[in-house]
Amino acid sequence: GQQVMQIPQYQHVQEGEDFTTYCNSSTTLSNIQWYKQRPGGHPVFLIQLVKSGEVKKQKRLTFQFGEAKKNSSLHITATQTTDVGTYFCAKSYSGTYKYIFGTGTRLKVLA
Amino acid sequence: NAGVTQTPKFQVLKTGQSMTLQCAQDMNHEYMSWYRQDPGMGLRLIHYSVGAGITDQGEVPNGYNVSRSTTEDFPLRLLSAAPSQTSVYFCASSLGVGTGDNQPQHFGDGTRLSIL
Numbered sequence: 001g002q003q004v005m006q007i008p009q010y011q012h013v014q015e016g017e018d019f020t021t022y023c024n025s026s027t028t029l030s031n032i033q034w035y036k037q038r039p040g041g042h043p044v045f046l047i048q049l050v051k052s053g054e055v056k057k058q059k060r061l062t063f064q065f066g067e068a069k070k071n072s073s074l075h076i077t078a079t080q081t082t083d084v085g086t087y088f089c090a091k092s093y094s095g096t097y098k099y100i101f102g103t104g105t106r107l108k109v110l111a
Numbered sequence: 112n113a114g115v116t117q118t119p120k121f122q123v124l125k126t127g128q129s130m131t132l133q134c135a136q137d138m139n140h141e142y143m144s145w146y147r148q149d150p151g152m153g154l155r156l157i158h159y160s161v162g163a164g165i166t167d168q169g170e171v172p173n174g175y176n177v178s179r180s181t182t183e184d185f186p187l188r189l190l191s192a193a194p195s196q197t198s199v200y201f202c203a204s205s206l207g208v209g210t211g212d213n214q215p216q217h218f219g220d221g222t223r224l225s226i227l
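Residue numbers (my numbering), protein chains in the order written: chain A, 1 to 111; chain B, 112 to 227.
The hints are simulated quantities; they were obtained by calculation from the structure and are not laboratory data. Virtual Cβ for every residue (Gly too), placed ideally from N, Cα, C. One or more of the hints may lead you astray.
A few chain B residues that don't get close to chain A, going by computed Cβ distances all over 10 Å [claimed, not checked]:
| id | residue |
| --- | --- |
| 1 | Thr131 |
| 2 | Asp137 |
| 3 | Asn139 |
| 4 | Gly151 |
| 5 | Gly174 |
| 6 | Thr182 |
Straight-line Cα separation of at most 25 Å, SDA-like style, residue types lysine to any residue; simulated pairs [unchecked claim]:
| id | chain 1 | residue 1 | chain 2 | residue 2 |
| --- | --- | --- | --- | --- |
| 7 | A | Lys51 | B | Leu206 |
| 8 | A | Lys70 | A | Tyr10 |
| 9 | A | Lys51 | B | Gln214 |
| 10 | A | Lys57 | B | Gln196 |
| 11 | A | Lys98 | B | Gln128 |
| 12 | A | Lys36 | A | Asp83 |
| 13 | A | Lys36 | B | Leu190 |
| 14 | B | Lys125 | B | Glu141 |
| 15 | A | Lys108 | A | Leu46 |
| 16 | A | Lys98 | B | Gly127 |
| 17 | A | Lys98 | B | Val199 |
| 18 | B | Lys125 | B | Thr181 |
| 19 | A | Lys108 | B | Thr182 |
| 20 | A | Lys51 | A | Gly16 |
| 21 | A | Lys70 | A | Val109 |
| 22 | A | Lys98 | B | Gln196 |
| 23 | A | Lys36 | B | Gln133 |
Chain B on its own, in the form it takes in the complex (with noise of 0.2 Å):
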């Protein structure tokens, strides 16, 4: 069972670049997410999706597009990379969506990622 996978696990880009973080979880799980991490700053939503078809905003979503066409998959696309945008990116799924009692979160090994 692999769990939540991500790919790459590093990346280095030029500013104005774009690219497409994958994700893909094999637990059929409803909801995913992404989130950034940045030193002291702790994890931060950036979008999410409670199923397929159906993606939402979260605190930090400008300069991100995803899409959820599948149950499976939720990429992240950077549109045009900033220096700002340099971060360890996480994945992360969870059951449930309507049971009522929210669930744990799986999560992603990372993506590291600069962008120069």
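Just chain A, with the same shape it has in the complex (with noise of 0.2 Å):
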């Protein structure tokens, strides 16, 4: 099926550690999007990638799509108490708009 693979499941860094996750896919993705859900809290959308090797960031988060177009990464600078939570990439099927979702990273940022 059309997978998506989430590293690491868990992270726990020091506050002020960088903090890396990774989304892959077996196939050719024609976009990704990151969502970051907050312990009991729903899914909220951070950006959407298209390009092949497109980078995006939004103050210390730098979102990267692969040149292949297979895989993404989410990378946070220093982190903060406030970036605890699950992070998600979620890829659409081809040609459809049905969403698939990776398993997420949780992170847990230890003051």
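Relying on the hints, combine the two individually framed chains into one complex.
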């Protein structure tokens, strides 16, 4: 099937350390979306990447789409306690508007 | 602007009971979907709709029915509840169908459902 692998599953970091989560697909992606879900909350859209090799930044967050459009990454510089939550990538089935979510990376930031 | 509204927020059912989870959006979004979220499983797509009168199955449709009679509403029905359907259910909507560029999904706050 059209699986989306996301690693790592969990990550604990000290406040101020960097964090990266990776999203890998066996098929070429038309686009990829990233979401953040705070504990007890609902997923909130962060960004969408469409172009091969695309890099987008939101303050301390850097999103990258691989050249082959089969993988993506989210990097957080100098984590803060407000970054705690689970980060999901989501890809659409080719030619449809169905979205498949990765299993997520749960980030814990230790103060 | 309310966004995506889900009701109820919590529900406990007995095995075999039926119920409907409500979802409404006020953003005139064409695309709506239902997901379930289980620990360690991420979000799995149950059913989705690309417009009023049009629905289709997602990854895990068995045991659930949907309909889309209006643009605003997309209820999810559990026909005969089973313990395996204990989960958190999220409804989402997005603007984009036919825009050529998929749009971000806006999620409701979720319904926490327990089946005994």
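Consistency of the hints with the structure:
The non-interface label for threonine 131(B) is consistent with chain A: the shortest C-beta to C-beta separation is roughly 20 Å, beyond 10 Å. In this structure aspartate 137(B) is separated from chain A by more than 10 Å, as the shortest Cβ-Cβ distance comes to about 17 Å. Every beta carbon of chain A lies more than 10 Å from that of asparagine 139(B), the smallest distance being close to 16 Å; the non-interface claim holds. At roughly 7 Å, the least C-beta separation between glycine 151(B) and chain A is not larger than 10 Å, which violates its mark as non-interface.
Annotated as non-interface, glycine 174(B) keeps its C-beta farther than 10 Å from every C-beta of chain A; the closest such distance is 19 Å. Every CB of chain A is more than 10 Å from the CB of threonine 182(B) (nearest about 15 Å), matching its label as outside the interface. The straight-line distance between the Cα atoms of lysine 51(A) and leucine 206(B) is roughly 21 Å, inside the 25 Å bound, and the hint therefore holds. Among the hinted pairs, lysine 70(A) with tyrosine 10(A) is consistent with the structure: their alpha-carbon atoms are about 22 Å apart, no more than 25 Å.
Distance restraint check for lysine 51(A) and glutamine 214(B): the Cα-Cα separation of roughly 15 Å lies within the 25 Å cut-off, and the hinted pair is therefore satisfied. The suggested pairing of lysine 57(A) with glutamine 196(B) is violated, with an alpha-carbon distance near 38 Å, which exceeds 25 Å. This hinted pair does not check out: lysine 98(A) and glutamine 128(B) have alpha carbons roughly 29 Å apart, beyond 25 Å. The hinted pair formed by lysine 36(A) and aspartate 83(A) meets the criterion: a straight-line CA distance of about 9 Å does not exceed 25 Å.
Of the supplied pair hints, the one linking lysine 36(A) and leucine 190(B) is violated, its CA atoms being roughly 32 Å apart against a limit of 25 Å. For a cut-off of 25 Å, the pair hint linking lysine 125(B) to glutamate 141(B) is broken: about 34 Å separates their Cα positions. For the proposed pair lysine 108(A) and leucine 46(A), the alpha carbon gap of about 18 Å is at most 25 Å, so the pair holds. Between the alpha carbons of lysine 98(A) and glycine 127(B) the distance comes to roughly 29 Å, so the proposed pair goes past 25 Å and is violated.
Restraint check for lysine 98(A) and valine 199(B): the C-alpha separation of about 19 Å stays at or below 25 Å, so the hint holds. At most 25 Å may separate the alpha-carbon atoms for a hinted pair to count; lysine 125(B) and threonine 181(B) exceed this at roughly 30 Å. Straight-line distance between C-alpha atoms of lysine 108(A) and threonine 182(B) comes to about 39 Å, which puts the hinted pair past the 25 Å bound. The suggested pairing of lysine 51(A) with glycine 16(A) is violated, with an alpha-carbon distance near 30 Å, which exceeds 25 Å.
Between the alpha carbons of lysine 70(A) and valine 109(A) the distance comes to roughly 29 Å, so the proposed pair goes past 25 Å and is violated. For the hint pairing lysine 98(A) with glutamine 196(B), the CA-to-CA distance comes to about 21 Å; that is within 25 Å, so the pair holds. For the proposed pair lysine 36(A) and glutamine 133(B), the alpha carbon gap of about 24 Å is at most 25 Å, so the pair holds.
Consistency note: the structure conflicts with the earlier hints numbered 4, 10, 11, 13, 14, 16, 18, 19, 20, 21.
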